[in-house]
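Visitor: Here are the chains, one letter per residue:
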Amino acid sequence: MNVLIFYSALFCYLLSSLAYLVYLVYNKKTVEKAGHYALLAAFFIHLASVVFRYFQAGHTPITNMFESLSFFAFCIAGFFLFLKRTYAISSIGCIVLPAVSLLLIWALTYPTDVKPLPPILKSYWLPIHTTFSFLGNAIFFISFLVSIIYIIAEREIKRKKSFLFSARFPSLETLDLINYRCMSYGFPFLTVGIITGSIWAGFAWGSYWSWDPKETWSLITWIVYAILIHNRLAIGWRGKKTAYLMIAGFISMLFTFLGVNFLLGGLHSYM
Amino acid sequence: MLGTVVKQGATPEEYLALYSENTYKIITLFGLDDAYHAPWFIALIALFALSLVLCSLRRLTLFARETKVVMLPGEDKLLKMDLHSYVPEKDFDEVLGLLTRRYGLAVRDEQGVVLEKGRLSRYGVFIIHASIIIILAGSFIGLLFGYKGFVTLKIGETKDRLVLRGKDPAEMPLGFAVMCKDFKVSFYPTGEPKDFVSTVEIVENGKIVAGKEIRVNEPLSYKGIRFYQSHYGSTPVFFFNVGGERVVLAEREAFRKNSLLLMVARYERKVHDFGPGVLVAYLDGNEPKATWFLKNVDRLREQNLQGIKVNLNDIQERPYTGLEVSRDPGVFVVWTGFVFILFGLYVNFFVRHRRIYLLKTAGGPLVAGTALKNKGNFDKEFKKLLEEIHVHTP
Chain L
0 MNVLIFYSAL FCYLLSSLAY LVYLVYNKKT VEKAGHYALL AAFFIHLASV
50 VFRYFQAGHT PITNMFESLS FFAFCIAGFF LFLKRTYAIS SIGCIVLPAV
100 SLLLIWALTY PTDVKPLPPI LKSYWLPIHT TFSFLGNAIF FISFLVSIIY
150 IIAEREIKRK KSFLFSARFP SLETLDLINY RCMSYGFPFL TVGIITGSIW
200 AGFAWGSYWS WDPKETWSLI TWIVYAILIH NRLAIGWRGK KTAYLMIAGF
250 ISMLFTFLGV NFLLGGLHSY M
Chain U
0 MLGTVVKQGA TPEEYLALYS ENTYKIITLF GLDDAYHAPW FIALIALFAL
50 SLVLCSLRRL TLFARETKVV MLPGEDKLLK MDLHSYVPEK DFDEVLGLLT
100 RRYGLAVRDE QGVVLEKGRL SRYGVFIIHA SIIIILAGSF IGLLFGYKGF
150 VTLKIGETKD RLVLRGKDPA EMPLGFAVMC KDFKVSFYPT GEPKDFVSTV
200 EIVENGKIVA GKEIRVNEPL SYKGIRFYQS HYGSTPVFFF NVGGERVVLA
250 EREAFRKNSL LLMVARYERK VHDFGPGVLV AYLDGNEPKA TWFLKNVDRL
300 REQNLQGIKV NLNDIQERPY TGLEVSRDPG VFVVWTGFVF ILFGLYVNFF
350 VRHRRIYLLK TAGGPLVAGT ALKNKGNFDK EFKKLLEEIH VHTP
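Quick mapping for you: the protein sequence lines, in order, are chains L and U.
In terms of numbering that gives the first Met the number 0, the first sequence opens at residue 0 and continues consecutively.
In terms of numbering that gives the first Met the number 0, the second sequence opens at residue 0 and continues consecutively.
To be clear, the hints were calculated from the coordinates, so they are not data collected in a lab.
Note that the Cβ used here is the ideal one computed from N, Cα and C, for glycine as well.
Treat each hint with caution, since some may be false.
As the list claims (entries may be wrong) - Think about it this way: if two alpha-carbon atoms lie no more than 30 Å apart in a straight line, the pair counts; the simulated DSSO-like pairs of lysine-lysine are:
1. U:K193 to L:K114
2. U:K379 to L:K83
3. U:K211 to U:K153
Unchecked claim - Covered, in the sense of this in silico footprint (three residues per stretch, anywhere, with C-beta under 8 Å from a C-beta of chain U), are these stretches of chain L:
4. 178 to 188
5. 202 to 216
Next up, chain U with everything else stripped away, as it sits in the complex (with noise of 0.2 Å):
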């Protein structure tokens, strides 16, 4: 009885309340956007999940409970049956070997047998209940013991850490070291993207362990870890001659000679009307100070700081690969629910259970059929089936 009120009450309502909190979550998705992993929300599937699992319960108590009840029925209540017929001029074992070319065999006693085919249809909702939940737990285990990031490379460049996706980022280390061997992006004519691969190869312990090129939808896999290719772009390396040394600066990156500090503390592509120039930061003693230092301006490439020629040579885009970076252990438990829901589906909506009972009568063999569902096919099989019966020479 309380199964019953927890299925039927509890099952749509469970339904209902994540779809108007889901909708609710989509006109707040332009503001909040990380509802999803509330933990209200997370409580929501947690109570779906567990009414589903309460329900799952009554139902395999059912299925115990009706194994036993699969008996011979009285030829009574075969002839109530909308599909019975007699079959005098026939021998018992005769039709019976003709019924068990398409059933099975369920129960046989002295009186008759009862024959069966597509009974996993009975098990159908319940497989995909079960799937659901084994869906649900892998999205658990993936919540709880997986994480998402990305790391960008420049060609060359080996990085041992990822940065983590949220509210901070935080950096993390992925236990062993990527390293970008080459990025290419091609176009079409039209100057969409075609195609981006990075060659990418993973070291551990100072070995190249694996590596492979990573393209759009050909993500690499190690020890758990995907590295998908997600995005592009470039950013400015800054060629430096500090007092007659060749220096090679990104932004944001320091540099010492002697007494000199310095650092390229901005880029700006357009300085006014002057082209690209670096603001490039240095100190005074204790002082902070900065100048610019302009590309296409004489005058600015060439500067004294601190008693030390410095001059900006050149100014190069270099690419680098966005690469997202995920580990989910709940990734195959998800996948193994897909298989059994899709499993699930197939059995409930495509497979029949028919039941055809053979009974020893006065009046010779009696046959009698009953279907739960697409009553009016099993109508035309129950026909044919007669039909063969009675053509049918020993």
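This is chain L alone, in the form it adopts within the complex (with noise of 0.2 Å):
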């Protein structure tokens, strides 16, 4: 049942991924509309998703690889739908959408099963660290995925040509711009995600920071960041610079995500 609905949320992506690649290529406004409804019909079926598995379960569903890389590319879509409220970047939808659901897809190669959970997951924290960890990481897949259009675009700019479609993204400043809201908004998350980590490792190691491989890893995700942050607003760099730091940034954060599960281990990791 709860597949169910998760494969009818991937279909929505899915229409609206097409949706919003033949937008690109045919600049219709009505194809555009038919993406932003499939969007919103995907981002909600797939909410239910998370709620309907919440019961199931009895415990937040973010608890091994199926289940985070779906709350993963929830938190990404969400994340899309809150800045389209802003900006107009409905051309990025063809690039963020694809994404999603290949992060679905990804999803759906590990075991789909309700395991139960162990002790040391029984805890309150448990919904207010991953959920404020995977927010804080989907606004900088977001950013990470702006970063590349802004460097390919002014690289363009630069030789004086247009690229693929290059009419319809957003200009540079916009783009610059949504990176720095990107900015203001991962970096608390990232920052409230580990602190609440933190908090919950008092309860429960014994220790609010023991160096294990993923909390090392996420400060030096946060101290990237942390750099990005001074050069822009104390150096005030911009534009390409900015960007390639998001890019280093991003990296680091997948390597604490996927890199310390799969090839470190430690007490974090969880499959």
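The task is to assemble the complex, starting from two chains supplied on their own in separate frames and drawing on the hints.
Guide: Structure follows, in structure tokens:
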């Protein structure tokens, strides 16, 4: 039942991806609208799937790879919808939504059954810590995509060429502004994620900081983004340099999330 | 000038130094495990903290200078601002009354007023940096005055010392005793552990002063020392009959009966194909000897040592609970730092400093406004304010 809801959400995300890709090619307003509604439908069906799984499992469904990837994709879709309200960034949907769909397909390669909760995860901090962390991750994922578009667009503008469908993408200033917005939301969320994790560790492991690989890598990620913020606010870096740092920060974050789970292990690896 | 150099040069540098050292640490984590407490690492953190302190002090002096500077600019300056408008048909006090609904009064003189909102946001960066210093200070207190270790308790066992973690495990007195009244593990149908609970009592000066069911995520705290459920296991106990006397021994435990001194030297769950067995060491005169007792082999279950009949009656597994013990007097300092850093981040990213100037001029009251961050949003707010002023009837 739960997996059925999940599949219908994935179906809507794929529809939405298709609509945004068609919109990119033909620039039809109606197609963009269709993409938007498909995205809204997908988001709410996905929400239903998360809520349903919460009641089915009896705990916050962010405890293994399937649930984590699904929740990560859900946060990305949610933040994209949030950004769409303020900025005209529909064209980015042709990258964000295929990414969301791919994440969900990837999630399906892991066992989807509800596993019993290990004692260490039985805590009120589980929903708080994971929600903030994944929101931070999702926000920085979008800024990562925006940064890549920024770098490509800027290079083509410098060469005085127009890249494929370049006219449909937002201006460099808008992209940079979105990057700034992502930074100003993502960084506080990441910080709250680390702090709540630290407080939880204080109750569960006997120490608020034990230099476990995940903790260390999340700190490294935090420092990369802190450098980015300093460079932007104190030195006044804009555009390309921030975009490169955003990409660096995301790679570090990706390693925190996946690399530590797959390669390093430690107290924090839940598969 | 010096301060500028420190902030813009040293802080990112410090960050980068910390970053590469950490990466290096990750790589060496497989071999070197206590590098996070290495002197050079702590020195690096101290350097980082020092640069933060200098940076914050510089910011403080800036604040001190700035507060004196706030004053009402002249008409020509206000006209240069992006957002300004004359409201000739309105009375100065009427406009002021409307503006003070949402803005606080900063400066007032004969010619006009300066109003502002979100002044706190100017202190955001300072709050964040200060709270990082607080967190580092808290962790340093923990490093100096705290410790980490563990105790293992069998059901009914009482201990007043803990084993410190580290390269050479040492014992340390707790200052009181912990007693394990009960310990239970429950499993899911899949065989994975569901819950483990130790019922523990704290005994001080012969009196029970505290008690709790310690679970994972639910530690017991007494006098700043916390006990966490961390692991569990079981140890075997051996039931002997030594010359007609029933004796229960654990591994490495010794027992004397008349001239016989014996000790359980080693336990094997499977001795070849003969099932569980214990190697019992004893003294033959001054010469140490050892012999195997096998539970399932009749001939080896009962043996004569130094003329005394020794019988291995049973071997049982007794569960024990492993409790992590830690004392960290800096933890509340760190948590205070956490609260402040969250507040600082909120102030820095979500509170916006905005100023509105109201001046008496020959052409009627002049309203102007400036904002440092999120100008587009302030644009809308300013227009709304002007509209409100225009429609308002006294």
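Visitor: Would you mind marking each hint as holding or not holding in the structure?
Guide: Status of the hints after comparison with the structure:
Between the alpha carbons of U:K193 and L:K114 the distance comes to roughly 11 Å, so the proposed pair stays at or under 30 Å and holds. With a CA separation close to 19 Å, the supplied pair U:K379 and L:K83 stays within the 30 Å bound. A distance of roughly 16 Å separates the Cα atoms of U:K211 and U:K153; the hinted pair therefore holds under the 30 Å criterion. Counting residues of the segment 178 to 188 of chain L whose C-beta sits closer than 8 Å to any C-beta of chain U gives 4, which meets the bar of three, so the coverage hint holds.
A stretch counts as covered by a chain when three or more of its residues have a beta carbon under 8 Å from one of that chain; for the segment 202 to 216 of chain L and chain U the count is 11, and the coverage holds.
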